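Visitor: Sequence:
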Amino acid sequence: MDLLDGLNPQQREAVTADPGPVLVLAGPGSGKTRVLAHRVAYLIRHLGAQPRQIVAVTFTNKAAREMQGRVVALVDDRQAAARISLGTFHALCARFLRRDGARLGLPPSFVIYDESDQESVARQAIKDAGHDPRQYPPSRVRNAISSAKNELIAPEDYPATTAFGEIVRRIFPLYEGLLRQNNALDFDDLLVWTVRLLRGHDDLRLLYQQRFRHLLVDEFQDTNTVQYELLRLLTPAGRDVFAVGDPDQSIYRWRGADVRNVQRFQNDFPDHRLILLEQNYRSTQFILDVAMAVIDRQPGRTRKNLFTGRGDGDLIVFHEAYDEDDEAAYVLETIALLARQGVEPRGCAVMYRTNAQSRALEEAFLRAHLPYRLVGAQRFYGRREIKDLIAYLRLVHNPADEVSLLRILNTPPRGLGAKTVETLLAEARRRQVPLGVLLLGLGRGAVPAPADLSARAAAAVAHFGASLETWRAAAQAAGLIGVFDRIVQDTGYRAFLDDGSDEGLDRWENVLELRGLAAEDPELSLAAFLEQVALVSDQDTLTDDVNAPVLLTLHAAKGLEFPAVLIVGLDEGLLPHYRSLDDSEAMAEERRLLYVGVTRAQDRLFLVRAFRRHSFGSGGMTEPSRFLDDLPADRLEGAPWPTRARAAYDRQTRWEPAAAAVPPAPRFRAGMRVAHAAFGEGVVLESLLDREDEIVSIQFAGGVKRLAASLAPLDVIDDQASLDPRRGAA
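In terms of this note's numbering, the sequence shown opens at residue -12 and continues consecutively.
Among the hints, erroneous ones may be present.
Per label pair, the in silico range of CB-to-CB distance [claimed, not checked]:
hint : residue 1 : residue 2 : range
1    : Gln463    : Ser697    : 17 to 27 Å
2    : His118    : Ala141    : 19 to 29 Å
3    : Pro94     : His33     : 52 to 62 Å
4    : Arg85     : Asp190    : 13 to 23 Å
5    : Glu673    : Leu194    : 49 to 59 Å
6    : Leu91     : Leu357    : 55 to 65 Å
7    : Gly469    : Lys114    : 28 to 38 Å
8    : Ala433    : Pro94     : 50 to 60 Å
9    : Leu675    : Pro94     : 21 to 31 Å
10   : Gly469    : Leu412    : 27 to 37 Å
Derived DSBU-like pairs (lysine-lysine); straight-line CA-CA distance at most 30 Å [claimed, not checked]:
hint : residue 1 : residue 2
11   : Lys114    : Lys545
12   : Lys114    : Lys692
13   : Lys692    : Lys374
14   : Lys114    : Lys374
15   : Lys406    : Lys374
To be clear, the hints were calculated from the coordinates, so they are not data collected in a lab. Note that the structure is predicted; figures quoted are calculated from it, not measured. Note that beta-carbon positions come from the ideal geometry of N, C-alpha and C, so glycine has one too.
Work out the full structure, taking the sequences as your base and the hints as a guide.
Guide: Right, dumping it as structure tokens:
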């Protein structure tokens, strides 16, 4: 077969480019995987390259397998294709280190630790440094160390610019020592040690450069600092390096991806050839016009004029719902309408910015008895943090619920190991009472602790039993929201989840979503809420081959395509996300995220926002996403844009002018003297507004605590103290 058959002029230019540095900026749906596979086949069939001289780097094993299959078909020689070094960065580096890592004192039998193993090592390193893992969560420490490794920062060079940074600086070398002690590398080490190997051994670097004469890199915009350094070390000036990517689709900054590597490539290889792939084979022209309108507002980029041979297509639909439930109802109605028009349910994708947004959507599907699939995330009620809090509530409602009790007895950690649990279970069996009832007795002091328990374990168990008694009383006196807030506060659950990582923040947002659900009906009892949740969450997991719509985050949508796409939550604070509002680089990534979502659509695109949301402050009012102002009115169905959304927001603010015009004021000020039921009296050091909540830092006798004002039982003793710095410092 002719390798150039079926390729457009830009694709042919890329495939047949002379050996040397080539940068291909490939628009969405422009056939970049096809170009990469054809380029590999062209090197072998027309430029005389030996398969063993070719390295092709992808970011996922799935992409590697797909490319391998295409290359096999194109060269018609499975054995030749197998000799190509094709795989992820980590897989290739592991191969290098197995072969030559002994030069760095690394035995070829080293093991590779996954995230769970790494957290265990981090926990031990924290203890070895004399710190409490409950105060410095292992996941947060591990993330900090991982970020340093991705920037090629050695333990001795770790920049301690904050108090937490100083803790990480002490733990980092201990963490590394434990890895060496166990003859282990973490995922980041695979890259870092390979860079160290190539930098420190000129003969080996020259050997690799001579062997790997042709280097191809997919998804180049997602490379980080250490990955780019690897490419630079393997590719001397003038050598054949073929990089394919799209800076407009760089959405993994939180993983360390650095879109500036595209510019670095252009600077490091000034004689490079730049090729743009602009013909789109996926979407209609109206969809591409909207995508370009969004991304063209991004400064400092190489513009691509996306075009297609598929015609203009249908106008893009904008819809404004009243709230998240109405938004979900609109989604279901739209999918039903599309089905009547011949679009299969599996061809419809609903995309959103955060996992917490799936709750209202999932419940709408379940109420309607319609199947759905989730991509890249657990179902809302199957997520760890949601199951934890529901288990707490179930235990409050029914202390005999042993399944719930065993789930949360040591969550967050209370120092109650397996041996302690076995002892408690044996005692409960001996007394012939449920374990929860035994703990209540221990909490009241009415039952002596089992003799086999250590004093520390006995105290922890008694404290849990007393807390359970308190929560049961709160459920009677303060209702569902009262007991929910008391559990979160007493257990320190926010600090347990929110470890400073994006994942921790996402998990905390899921908790707030659950709280918002509980708060929707002030008259809802704990028993009724648990029954409602049980009916919703007791669903069989659907298999992937079910003909059902897909629910997924915009991050998870990368690399996928669907006949119809509905993007919900186009509100300020969601898209763009509130965490990006004060960070220009993060805001740029939010814009790219919307661009990625829009360009997943093949035929139909629906953009949806909600008038108000229960999880938002100021009465739940929302403001239309700033990105909506960039859309071309002649590509949208309905009133000219942005009149429709802005007019709706103006109506909203006129209805409740006080809530919209007056920003929330903090209740607490530095220097105030306050009292807390558990921590005693203290002095406010700082108070910061965090969305709808107020986070207060207080100096108590036992140390500084950061508390959420909406959850913490704080009483003001003296609100004038802040006027007298000497009293505030007392």
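Visitor: Each hint needs a verdict: does it hold in this structure or not?
Guide: The hints, checked one at a time:
Evaluation of the 17 to 27 Å hint for Gln463 and Ser697 yields a pass: the beta carbon distance comes to about 21 Å. Between His118 and Ala141 the CB atoms are about 21 Å apart, so this pair conforms to the stated range of 19 to 29 Å. Checked against the given bound of 52 to 62 Å, the beta carbons of Pro94 and His33, roughly 43 Å apart, lie outside it. Judged by the Cβ atoms, the range 13 to 23 Å given for Arg85 and Asp190 holds: they are separated by roughly 19 Å.
Remark: the range hint 49 to 59 Å for Glu673 to Leu194 is upheld by a beta-carbon distance near 57 Å. Judged by the Cβ atoms, the range 55 to 65 Å given for Leu91 and Leu357 holds: they are separated by roughly 56 Å. Roughly 37 Å separates the CB atoms of Gly469 and Lys114, a value that falls within the hinted 28 to 38 Å. Taking 50 to 60 Å as the suggested C-beta distance range, the pair Ala433 and Pro94 conforms, at roughly 58 Å.
Take Leu675 and Pro94: their Cβ atoms lie about 50 Å apart, and the range 21 to 31 Å is violated. The supplied range of 27 to 37 Å is met by Gly469 and Leu412, whose beta-carbon atoms lie about 31 Å from each other. Restraint check for Lys114 and Lys545: not satisfied, since their Cα atoms lie roughly 39 Å apart, outside the 30 Å limit. For a cut-off of 30 Å, the pair hint linking Lys114 to Lys692 stands: about 21 Å separates their Cα positions.
A distance of roughly 27 Å separates the Cα atoms of Lys692 and Lys374; the hinted pair therefore holds under the 30 Å criterion. Only pairs whose Cα atoms come within 30 Å are accepted, and Lys114 paired with Lys374 is accepted, the gap being roughly 29 Å. Under the criterion of a C-alpha separation no larger than 30 Å, the hint pairing Lys406 with Lys374 is consistent with the structure, at around 24 Å.
This entry does not satisfy hints 3, 9 and 11, going by the numbered hints stated previously.
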